[in-house]
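Let's have the full structure, built from the sequences with the hints guiding it.
Residue strings, one per chain:
Number of protein chains: 2
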Amino acid sequence: MQSSWILAIRSVRPLRRLAPTLTPRATCLSLLASRRHFQTSSPRPQDINPAIEDMAPKAPKFEIKTPKGTRDWSGSDMVLREKIFRTITNVFKRHGGVTIDTPVFELKEILAGKYGEDSKLIYDLADQGGELCSLRYDLTVPFARFLAMNKDVSQIKRYHIAKVYRRDQPAVKKGRMREFYQCDFDIAGLYDPMIPDAEIIRIINEVFEGLGWQGKYTIKLNSRKILDGIFQVCGVPDASIRPISSAVDKLDKMPWEDVRKEMVEEKGLAPEVADKIGKYVVLKGKRELLEQLQKDEELAANASMQQGFADMDLLFTYLDAFNAGHSVSFDLSLARGLDYYTGVIYEVVTEGSAPKVSAASADAEKSKKKKGKAGEDEDRSDDPTVGIGSVAAGGRYDNLVGMFSGKTQVPCVGISFGIDRIFSIMRANQAKKERKNEVDVFVMAFGGGKDFTGLLKERSEIAARLWDANIKAEFLYKVKPKLQNQFKAAEANGVPFALILGEDELAQGKIKIKEMGLPEDHPLKEGELIDLKNLAKEVQVRIDRKKQLDAIIEQAEGLRVVGGIKGEDVKVEQQAKEKEGEVTPTPPVQTEEVKAEN
Amino acid sequence: MQSSWILAIRSVRPLRRLAPTLTPRATCLSLLASRRHFQTSSPRPQDINPAIEDMAPKAPKFEIKTPKGTRDWSGSDMVLREKIFRTITNVFKRHGGVTIDTPVFELKEILAGKYGEDSKLIYDLADQGGELCSLRYDLTVPFARFLAMNKDVSQIKRYHIAKVYRRDQPAVKKGRMREFYQCDFDIAGLYDPMIPDAEIIRIINEVFEGLGWQGKYTIKLNSRKILDGIFQVCGVPDASIRPISSAVDKLDKMPWEDVRKEMVEEKGLAPEVADKIGKYVVLKGKRELLEQLQKDEELAANASMQQGFADMDLLFTYLDAFNAGHSVSFDLSLARGLDYYTGVIYEVVTEGSAPKVSAASADAEKSKKKKGKAGEDEDRSDDPTVGIGSVAAGGRYDNLVGMFSGKTQVPCVGISFGIDRIFSIMRANQAKKERKNEVDVFVMAFGGGKDFTGLLKERSEIAARLWDANIKAEFLYKVKPKLQNQFKAAEANGVPFALILGEDELAQGKIKIKEMGLPEDHPLKEGELIDLKNLAKEVQVRIDRKKQLDAIIEQAEGLRVVGGIKGEDVKVEQQAKEKEGEVTPTPPVQTEEVKAEN
Numbered sequence: 001m002q003s004s005w006i007l008a009i010r011s012v013r014p015l016r017r018l019a020p021t022l023t024p025r026a027t028c029l030s031l032l033a034s035r036r037h038f039q040t041s042s043p044r045p046q047d048i049n050p051a052i053e054d055m056a057p058k059a060p061k062f063e064i065k066t067p068k069g070t071r072d073w074s075g076s077d078m079v080l081r082e083k084i085f086r087t088i089t090n091v092f093k094r095h096g097g098v099t100i101d102t103p104v105f106e107l108k109e110i111l112a113g114k115y116g117e118d119s120k121l122i123y124d125l126a127d128q129g130g131e132l133c134s135l136r137y138d139l140t141v142p143f144a145r146f147l148a149m150n151k152d153v154s155q156i157k158r159y160h161i162a163k164v165y166r167r168d169q170p171a172v173k174k175g176r177m178r179e180f181y182q183c184d185f186d187i188a189g190l191y192d193p194m195i196p197d198a199e200i201i202r203i204i205n206e207v208f209e210g211l212g213w214q215g216k217y218t219i220k221l222n223s224r225k226i227l228d229g230i231f232q233v234c235g236v237p238d239a240s241i242r243p244i245s246s247a248v249d250k251l252d253k254m255p256w257e258d259v260r261k262e263m264v265e266e267k268g269l270a271p272e273v274a275d276k277i278g279k280y281v282v283l284k285g286k287r288e289l290l291e292q293l294q295k296d297e298e299l300a301a302n303a304s305m306q307q308g309f310a311d312m313d314l315l316f317t318y319l320d321a322f323n324a325g326h327s328v329s330f331d332l333s334l335a336r337g338l339d340y341y342t343g344v345i346y347e348v349v350t351e352g353s354a355p356k357v358s359a360a361s362a363d364a365e366k367s368k369k370k371k372g373k374a375g376e377d378e379d380r381s382d383d384p385t386v387g388i389g390s391v392a393a394g395g396r397y398d399n400l401v402g403m404f405s406g407k408t409q410v411p412c413v414g415i416s417f418g419i420d421r422i423f424s425i426m427r428a429n430q431a432k433k434e435r436k437n438e439v440d441v442f443v444m445a446f447g448g449g450k451d452f453t454g455l456l457k458e459r460s461e462i463a464a465r466l467w468d469a470n471i472k473a474e475f476l477y478k479v480k481p482k483l484q485n486q487f488k489a490a491e492a493n494g495v496p497f498a499l500i501l502g503e504d505e506l507a508q509g510k511i512k513i514k515e516m517g518l519p520e521d522h523p524l525k526e527g528e529l530i531d532l533k534n535l536a537k538e539v540q541v542r543i544d545r546k547k548q549l550d551a552i553i554e555q556a557e558g559l560r561v562v563g564g565i566k567g568e569d570v571k572v573e574q575q576a577k578e579k580e581g582e583v584t585p586t587p588p589v590q591t592e593e594v595k596a597e598n
Numbered sequence: 001m002q003s004s005w006i007l008a009i010r011s012v013r014p015l016r017r018l019a020p021t022l023t024p025r026a027t028c029l030s031l032l033a034s035r036r037h038f039q040t041s042s043p044r045p046q047d048i049n050p051a052i053e054d055m056a057p058k059a060p061k062f063e064i065k066t067p068k069g070t071r072d073w074s075g076s077d078m079v080l081r082e083k084i085f086r087t088i089t090n091v092f093k094r095h096g097g098v099t100i101d102t103p104v105f106e107l108k109e110i111l112a113g114k115y116g117e118d119s120k121l122i123y124d125l126a127d128q129g130g131e132l133c134s135l136r137y138d139l140t141v142p143f144a145r146f147l148a149m150n151k152d153v154s155q156i157k158r159y160h161i162a163k164v165y166r167r168d169q170p171a172v173k174k175g176r177m178r179e180f181y182q183c184d185f186d187i188a189g190l191y192d193p194m195i196p197d198a199e200i201i202r203i204i205n206e207v208f209e210g211l212g213w214q215g216k217y218t219i220k221l222n223s224r225k226i227l228d229g230i231f232q233v234c235g236v237p238d239a240s241i242r243p244i245s246s247a248v249d250k251l252d253k254m255p256w257e258d259v260r261k262e263m264v265e266e267k268g269l270a271p272e273v274a275d276k277i278g279k280y281v282v283l284k285g286k287r288e289l290l291e292q293l294q295k296d297e298e299l300a301a302n303a304s305m306q307q308g309f310a311d312m313d314l315l316f317t318y319l320d321a322f323n324a325g326h327s328v329s330f331d332l333s334l335a336r337g338l339d340y341y342t343g344v345i346y347e348v349v350t351e352g353s354a355p356k357v358s359a360a361s362a363d364a365e366k367s368k369k370k371k372g373k374a375g376e377d378e379d380r381s382d383d384p385t386v387g388i389g390s391v392a393a394g395g396r397y398d399n400l401v402g403m404f405s406g407k408t409q410v411p412c413v414g415i416s417f418g419i420d421r422i423f424s425i426m427r428a429n430q431a432k433k434e435r436k437n438e439v440d441v442f443v444m445a446f447g448g449g450k451d452f453t454g455l456l457k458e459r460s461e462i463a464a465r466l467w468d469a470n471i472k473a474e475f476l477y478k479v480k481p482k483l484q485n486q487f488k489a490a491e492a493n494g495v496p497f498a499l500i501l502g503e504d505e506l507a508q509g510k511i512k513i514k515e516m517g518l519p520e521d522h523p524l525k526e527g528e529l530i531d532l533k534n535l536a537k538e539v540q541v542r543i544d545r546k547k548q549l550d551a552i553i554e555q556a557e558g559l560r561v562v563g564g565i566k567g568e569d570v571k572v573e574q575q576a577k578e579k580e581g582e583v584t585p586t587p588p589v590q591t592e593e594v595k596a597e598n
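In order, the protein sequence lines correspond to chains A and B. Residue numbering for the first sequence follows UniProt numbering, beginning at 1 and increasing consecutively. Residue numbering for the second sequence follows UniProt numbering, beginning at 1 and increasing consecutively.
Accuracy of the hints is not assured; some may be wrong.
Copies of one chain are not kept apart here, so a pair can be met inside one copy or by any two copies together.
[Stated by the list, open to error] Here are the computed lysine to aspartate or glutamate pairs in the EDC-like style, where the Cα-Cα straight-line distance is at most 16 Å: (1) Lys68 - Asp127; (2) Lys472 - Glu538; (3) Lys83 - Asp544; (4) Lys61 - Glu109; (5) Lys108 - Asp124; (6) Lys480 - Glu297.
Bear in mind the hints are in silico, worked out from the structure with no lab data behind them. Here the structure is a predicted model, which means the values were calculated and not measured.
Shown next, in the form of structure tokens:
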């Protein structure tokens, strides 16, 4: 066995003597397969044999890139995104959520007729024989298809985090891509009214608090029933209700004058009807707005409105019990584009997610758009009409499943988080970059002079023992590494501990552990000798201790940040702590009606 | 505020009085949007107003299904798959792995010319204007494209768990799909030879041990250099090396006679050359096989062979240090289909993953295939020639990145785990199904008679307090639920604890906690009263205690299973424990050569 390690040590160079002498082969790939120089250790790009270099592949003629509107995720970006996923998944599971996974493409017919005029943005697969398929446009329609197929699933709280595809104008810097993640939580099933709807809003709160947004977001809330009631009362013809609703939905990007223009000039609405609508849709508030609307006799007489009032009244009541109402804004301008909503709708915005646009600049953009398809594929990140948009949106859709299953309806309410937009905002506000990997220990060899073997065998064995103990560890893939290079590699990834092997220490059954980045005057700056016998335990204890310390420091830094937030930002957690032990039973309420029904 | 809760309690029925009186609208969807009956609480499918029912959507004319070769994942299947992902990710991170995410489709040109005759299985996107794209076929080519684009990334240990797409014959039951997960770990960069190659094999061990396979798998190992050396020595013309190599690769599915036939009849190899190959490719063993080959003078004179010998010698040495050699079989029949491998190659098989097939049945299958395209799209799960296949495979590919970047080569070695196949095997061997969700507490109301309010407000508040404390909790979305139905719901999901609110207990500031499923004679069968003040703490203590207990029981059951395994299965962990404290330093070795070089 010993002799092999001699070979290992020798192998650093002797193999180079085996010059590639292979004859040319039929294909370029096979030819390349016979090249050897990357297998030997020493050669760096500059000392490659020029004769071989001539056989190297030429760079391809096309540009090496990802398709337009898509990107790779790696490095600290990827770490941050994974962290966002973990936080959100944790919230979903806390509420009993289970996850499902559907194919990335669906039969073309499944998606057809679900997205109105946005259907043109659907990606189709080429017809290569067999079924015609399209890439999914969202996660909601596949979920409805899933429910229609699985009749035994009549109640489910499901979450789904996956990519969806839209052949849209990309605005990369603002997180609007053609391939992007959606992250959906939906509650399907027949329940007593508004309880799941309220839990969804509680979940929205938990997600953004979990992400550290500390109340700096607004959950805009409305109801399709209230909106439809307003349109009916104002005198919008039934056939125009959805188009007029779409126009109202643009109020977050366009001033009222432009929306009114669209209603009257493009959609043929009578000007006085538009003006009447205008009085309502600018209203926003909390529960008191609901009470105000309920006093409006004209509205109160409308059937759709009555249903909407009852829903919202219950919803506000439940939100109080869930302690989830503080970020909610009842906003009559919220309409949501999609056809399939039937009840409560909501959309979450944060500072800067919906830029104020003057009528003039919107006009300029419009005329630019009409100029033709020249710039169709360009990145629209610098277009002022493209905001970050909402960071989450959803609502109740009670009839979508029935579009697939016929009679069997499964009412649903859900929320979709725009992960890429959330990421863009958090990335911009990030104080320090995330570490790229999670390695806790870098195993090094110390030694010098002619006799230094590099201790590769010992480093390998130590690493293997750490891995066996589920400790994340690395070492340099070099037979005889310099100590300096080993420290550099550890520092580059922010590895917190170095385990340093030396021949003298090994002979005594010891190894040195050194915490990286300690200040000069720290008593443990030079490291500690620990027994090889208890290696895993000794290392684990130090990792745990450091993690606890880091968590305390991070918490302390977090508190400092919270201190800087404006006073009226109510913190869910603080409130929760104040509430501890505060639950008082409601005395049993008896009304004639309840009595009569029992 | 009190009045709203009266409304909530009342709302169970009164809202039904609001009969839908809306007029028909332009679109079916808008019409449906006005339907109300799913918003009210009591109606079940059977008491839907028949007049409305007529307006319900008709079931669509096409079959509601997922595209051929794809499936939905949900329920306990999904939980098991997530568990597999977690185990594998844990191993990858332990070795310093970082993850990247690439788009699901690539420019068509990126994939072109990388997969030989399998290129016909690539899914293309339809040409809808703009770039031509294809769905990724594997994760390796996108990784190579990523490295070519990111010149600053010269060394990386990356993992990537994502779906890939192949227009292949599906064999659903055996886990061979058109959309399936791959799970790749690759080490890219220029290092001293064979150290990363050995770490990949160590990782393979850790993954399958982590999944509980306890040594019941074989890592077949070979080297393209050794294989090419054999072909050269046997007299295979250079142009035929890759086709002959492909034929050899079929030895796990076909008997030697058939492979020989293909070589001679289809690929025009001289019969005596084929026979000479036949003597080598049946050999398998461990390190002693390498020593045996090294003694073969004809082989030893071949340059490619010399490089292969040196590689394998080092590899076996490093595998010993990593304690990772026990499941390895040096197997000269392993050739791997893909063109791009340049060095060591490996493939992991497990019992039953490669069914023995007689020449006759293979012939039958062949003639069936030639019959035409009639059955092209059928599920081939019952086809005996389709085994589960390998559960992981990979190797060294030093020249792939250069195909994109031209001169800048980044040598790579990696492994790809076939998640769906691993899943199929584990699903079949699974003793008990996984729980569908992770809820720890079900919040219930107890009460009876006319005065029972259902305590919805209190249940909501208790649930909100548990969520605040990061405790997973649910309650029934029903204003006045029956206790029996609440227990049923908790049992259906295997929720371990019930928190039961009663008005008398609430008045004393208490609440009952009950562990589900305790035996009749258990002292805590009837539950315990705990203080509402310390709710979260009291609950958390009990959850933690139960989890510890469950872990001990699971471990005990695991040991029982291990006891039944055949004795020669060496267990990595046991060995590791035996080794603790056993690392002995290698005395510094001096050779003339090393001396001279220092």
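**Item:** Violated hints, by number in ascending order, as checked against the structure
**Value:** 3 and 6
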